[in-house]
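The hints should help you fit chain B onto chain A, whose structure is shown.
There are 2 protein chains.
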Amino acid sequence: MYGLIAKLRTRPDQRDAVLAILLKGTGSMPGCLTYIVAKDPSDPDVVWITEAWEDKASHEAALALPAVRAAITEAKPLLAGFETSIPIEPVGGVGLRQTA
Amino acid sequence: MYGLIAKLRTRPDQRDAVLAILLKGTGSMPGCLTYIVAKDPSDPDVVWITEAWEDKASHEAALALPAVRAAITEAKPLLAGFETSIPIEPVGGVGLRQTA
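For the protein sequence lines, the chains are A and B, in the order given. Converting from the first sequence to the working numbering requires adding 270 to each position, the first position being numbered 1. Converting from the second sequence to the working numbering requires adding 270 to each position, the first position being numbered 1.
Here chain A stands alone, though its shape is the one from the complex:
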């Protein structure tokens, strides 16, 4: 498995708009085991994304999907930048979507 923990900083007051874009753009991504978007309770302009994928290739393929590309294009002007992006290697647990 392949995963990512990412911290995004939005432009001021744009977090809710970014969250909405991320949620609508990520409904159907082959190989996606989890993709959860979250607010940082201590910083009003920070979004955390935690992702798990079958493998790195499925993550990269998702970035080429029309819905995902549209979401990235729509969100980009609302973002100040990526502050953290940590690759991880998920091993197991609760909430990994069954894809078999």
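Quick caveat, the hints were computed from the structure, so don't treat them as lab data. Treat the hints with care, as some may be off.
Copies of the same chain look alike in the list, so a pair counts if it works inside one copy or between any two.
[What the hints assert, rightly or not] In the PhoX-like style, the derived pairs of lysine-lysine whose C-alpha atoms are separated by at most 20 Å in a straight line are: (1) Lys294 x Lys309; (2) Lys277 x Lys309; (3) Lys326 x Lys309; (4) Lys277 x Lys294; (5) Lys294 x Lys346.
Here is chain B on its own, set in the frame of chain A:
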């Protein structure tokens, strides 16, 4: 919803043992929407845990469950410490277990 992103450092060569303990201790936790344990691919002694819960109370209640307490007791001597623990507020996405 309530969530956590945690980074644990294990004692040298104890990561696989810690992962096994975490996975067996966390199978049945009421209110748990996701609980995923992962390796850090760039550091052989680092474990990442990403969690989502119905609310903070369900997370705290889980810490009192016998299986979770047993897992904590078993893992503790194998850990060097928590390096990061970031509370988050999950909003939605793929892989949040349905509990309703």
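Hints, one by one, checked against the model:
no.	hint	result
1	Lys294 x Lys309	within (16 Å within a copy, 29 Å between copies)
2	Lys277 x Lys309	both (10 Å within a copy, 18 Å between copies)
3	Lys326 x Lys309	between (25 Å within a copy, 15 Å between copies)
4	Lys277 x Lys294	within (19 Å within a copy, 29 Å between copies)
5	Lys294 x Lys346	within (15 Å within a copy, 40 Å between copies)
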